Each structure stands twice: as C-alpha cells, then as structure tokens.
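Novice: Residue numbers (the numbering used here), protein chains in the order written: chain A, 1 to 156; chain B, 1 to 156; chain C, 1 to 156; chain D, 1 to 156.
In case anyone wonders, no lab produced these hints; they're calculated from the structure.
Computed from a prediction, not measured in an experiment: that's the story for all the values here.
It is possible that part of the hints are untrue.
No copy labels: a pair is met if it fits in one copy or bridges any two.
[As the list claims (entries may be wrong)] Within a straight-line C-alpha distance of at most 27 Å, the following computed DSS-like cross-link-like pairs (lysine-lysine) qualify:
(1) K14 x K114
(2) K114 x K130
(3) K130 x K17
Protein chains: 4
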Amino acid sequence: MDVEIEATRRFYDKLRKLYQDRLPFNRLLGIRVDALNADGGTMAFSMREDLIGNVFQHTLHGGVISAVLDAVGGITASASLQARAAGLSEAQIEAMFARVGTIDLRVDYLRPGKGERFSASGRIMRAGRKVAVVRMEMHANDDRLIAVGTGTYMIG
Amino acid sequence: MDVEIEATRRFYDKLRKLYQDRLPFNRLLGIRVDALNADGGTMAFSMREDLIGNVFQHTLHGGVISAVLDAVGGITASASLQARAAGLSEAQIEAMFARVGTIDLRVDYLRPGKGERFSASGRIMRAGRKVAVVRMEMHANDDRLIAVGTGTYMIG
Amino acid sequence: MDVEIEATRRFYDKLRKLYQDRLPFNRLLGIRVDALNADGGTMAFSMREDLIGNVFQHTLHGGVISAVLDAVGGITASASLQARAAGLSEAQIEAMFARVGTIDLRVDYLRPGKGERFSASGRIMRAGRKVAVVRMEMHANDDRLIAVGTGTYMIG
Amino acid sequence: MDVEIEATRRFYDKLRKLYQDRLPFNRLLGIRVDALNADGGTMAFSMREDLIGNVFQHTLHGGVISAVLDAVGGITASASLQARAAGLSEAQIEAMFARVGTIDLRVDYLRPGKGERFSASGRIMRAGRKVAVVRMEMHANDDRLIAVGTGTYMIG
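Start from the sequences and build out the full structure, keeping to the hints where you can.
Specialist: Put into structure tokens, the structure is as follows:
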C-alpha cells in the first residue's frame, strides 16, 4: 500500500517537474504548477510587461492565454494516465508523457486579461484509451473568469 | 487618387508596426510581418530554444503555435477594416485597431512543429459589421503544414 | 412588482414556444423545452429510428447531437436577454429573438449516443452587449455524459 | 491492375451507399453523395420547409448545417482509408467504416442559409494512423459561402 502511495506521489512529482521546470516555453511564461490529481491540474502565473498583447488596455496577449490553457489541458490529460503507470519504470512513465500531444484546442476569450496573477485549471471530461477531452478555465486574481477552453489530447 | 494610395499604404504600415514592433508578446516571440493586404496577412518567426514545448522531440510549444495563429488571425481581421479607414485620422485608425479582439480560436495541431523557420498566414472568410471570421495556416520551412486554425474576431 | 413577474413569465413562455413549437427543424427532432431561466435552459428529446447515425451501434447521429446542443445554446443566449426586455412590446421582444444567431459552435463527442431519452442544458459563460458565450452538455437517460459543446452567439 | 481499380471502385461505392442510403438521419435530411475520392467528398441537399431554423428569415437551421458538415467530414475521413482497404474483405471494410467516429467538430456560420440547394465538401488536412483532420465548406446554389467547419475524426 505504502509502495503504491509512494509511486503515485512520484508520478505526479515527475509530471509537475516536466511542466514547470523542463518545458522551455512554460518557463518563459513563468508557469507554476499548484495542484495535480487524477481529475486535473491547476497552474498559476504572474502578469509581466512582455506578456501584454493589447497595449491600449494593458491586457494579456491572447496567445499567452491559449498557451497556458493548452498547458493546463495537457497536464490534466497526462494526469489521467496515473492508473496506467502502476508498475512502470521511470523511463516508461517518461515515454508515456512524451506521447501526450494536443490534437486540437478551442479558446473562448470572455473578458480582458487584466490582473496581477492568473490561475488556470483543467477538468477531465473523458479519458479514453487513445484520446482525452479536457475543459479548462482561467481566472484573474479578482476572481473574474477570463477565458474558457476545450482541448482534445492524444494520450495513447 | 495618389492620396488614397498613400492612405492605404499608411494604414497597412501602421498595422504592421503595431503587430511587429509594439505588441510586447509578439516581440518576445520574434514575430515579423511579411505581407499584408485586404485578404489577409503573413507572418514569420524562427525556432529558438525557449519556444520549445516538447523536450523529447525538440518541437515548438503548442502555445507558440496558437499565439502566432491568433496574431495572424488578428492582423487579418484588422486588415479587413481598410475600406472603413478612408478619411479617418491617425488617432481614429488607432482606435479602430484597439477595438479588435479575439472572441474565440480553434487550433488543429497537424504535425510536429519541427523546423528552423515558420510562416503563418490568414485568409478572411467573412468580414461583417461587427465580427470577422479568419482561417489560418502555419507551415515549416520545409513546406510541411504544421497547424491550421479558425478565429472569430470582434472588429466593430 | 406583479407586473414585472408577469412580464418575465411571458418572456420565457414566448421563448419556450419559439424553440419548441415554431422552429420546424426543432419540431422534426422532437425537442421539448423543460426549463428556462436567466442562467440557461434545458431541453429533452427521445431516441427515434430516424435519428440514428451509426447503424452498426444504433446510436444518435452526430448531427442530431450538434443540432440539439446548438438549440439549447441558442435558447440560453436568448434567455440572457431577459433583463433587456423590460418595457418592450411583444413585437419588440420577437424582433430581439429574431436577431439571435449562432456565430460558431464546437461539439465534443464524448461517448456513444445510446439511450432512450436525452437531455441537454446550456449555461451562460458571458453575455456581452453583442456576443454571448454558452457552454452546453448532453446526457443520456442513464446519466452518461454524451457530449459537451461551446457556442458563440450574436445577441445584439 | 484491373482488380485494383475494381476494388477501389467498390470501396467508394460502399462508402457512398453507407452515407446516402443506410444512415437514417442522413436520409431524413435528404443528403446525396455527389463525388468521392481520396482527397474528400461532396454532398448536396435541397431546402425543405422542415429544415428551417429561423422562421423570421426562412433560413436553414444551424443544426442542419452542422449535421451535413459533420457528414461530409466523416465521409472524407473514411475515404482517406482507401489505401488501407487493399486486400480486405467486404466485412473487414465495413468494420473499418464502423470504427470511424467524430471526436470533435467546429462550425462557423458565415452567412444566412438561404437558397434552394446546398452543397458541402470536405478536404483532408491530415490522415494519421488513428486520427484524421478535415476542413469542410458549405455553399448555397448562388455560390455564397454559408459555413465552414473543421472536424477531428477517429479512423483507426
């Protein structure tokens, strides 16, 4: 039992490190992974001058929003693989993560990306053998819902 | 007549400078505007270590692809406003550009984002009074079609 | 006060009748409007031989699913106009409904459309001056989530 | 060689009959398959009173448009399997068609669905081992572009 719990903890640690520390563009955006379990993940990042897309309103670039929603969708799809990781080696788990890829993504920009900090979360809608579907949301630090999205991910 | 041609040239120059030089996140990505007319625009950017999203395959982050497709969709939607700019002051044209915003975006990731340089283009599908719809494509320097997308933009 | 309540009741009655009784294709599908308020609506319909799309599995045609999700998205977007209807005549409210139109729609097919009855609901994500965004879901009578969707609607 | 040509002809015939004659909801809509090859397919259907969605403007229901775009996307995805059908029995080809399913669909409603006849076509963007991506278009008989769409299909 303790072995299983330890394996589960290692699985999520590995996944968190991959998305937070090892993916160069996630590092460029300053993405931090806040929570992670079988249902999904939560990420956060801070406003920065070079993330601005609308100089008239000083709001986030739509591409930052889509990039973070894609990232939180990808980590959510990957987290859904936890049950399949039982008994796999570190290298096999890494190979499993390497196969995860976005098939397509929809982003709905609901309100201007104004704020100092933003958080994004993903919730798994369906995790099939080959394909996972995730719904995502992004909030600003004043709790305004900035954007929602849906992503389809190859997972097998 | 020369006055009109001159005004048209100034309109596109202003739009190119906005997307290439003034939007901080576009500068961070290294986006260059290559062509621009009433039917759409073309952008280019180069591979860079910090734009990588898949460390296993050394390919572009999906968020870079969606950001550039959103940018080329936005410049295409803005370019469709050229006919409405006749007789407007520089400040009025700027105000027109400031109102353009992405309503929603779909991105289809077709092939791994491998390459040294990438180009993205937008083609206007419909430019209504309030809303424009644009289809976008991204190719790698070996002519592989990396991704396609569709964006809906508020333009009025 | 009673006048206001009466006007609100009439607004929703009118909207329910439009979607359930007056739109020919909704009648062809056998759509029934079950609930309706400012946050959204709920619809139901029954399986029928001629709604089948996959003869191998005897499941709903994807087009039936997208049609019903679009309908419940449209009624949800229209319901968000309730606050604007205060003091309007019947003809003005009808004109308001006539202006509502789908800009774009995404549908995610999660599980086979198997069942005897299906229900679909919409939840408003944002109701702006011109554009509303709605998230939709469809369940089968055994509570399985069959499909989710997102629609953008012109409302002004 | 003649055997191959004959097998190819039978493959497309089988696929045309499936979509035109055997799928009940396609029959309800009156869909006719006009052309079919490895790059995609073309379908047509006629305006009918019970396909109307907007009684104010007498235009096609958005759900009819999405249903036909999904159908033409599905037949296009299926047609891309032609190369894999070599040497398969009728039953195996049928099983291949039975596995094709829509993962997700985006529809952009560009102009009112006014007209007497409509045609829809699909063009394959990518046919992978498991997943195909198709772009679709629908025109009215006066050549107006009514709608475009993009669909992702499970094909393996």
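Novice: With reference to the structure, classify each hint as holding or not holding.
Specialist: Here is how each hint holds up against the structure:
1. In the homo-oligomer, the alpha carbons of K14 and K114 lie at most 27 Å apart only across protomers (25 Å), although the nearest pairing inside one protomer, at 32 Å, exceeds that limit.
2. With identical chains, the CA atoms of K114 and K130 are at most 27 Å apart between copies only, with a shortest distance of 21 Å across copies and 37 Å within one.
3. Proximity of K130 to K17 under the C-alpha cut-off of 27 Å is restricted to the intra-copy arrangement: shortest distance 24 Å within a copy versus 29 Å between copies.
The structure is consistent with each of the numbered hints, conforming to all of them.
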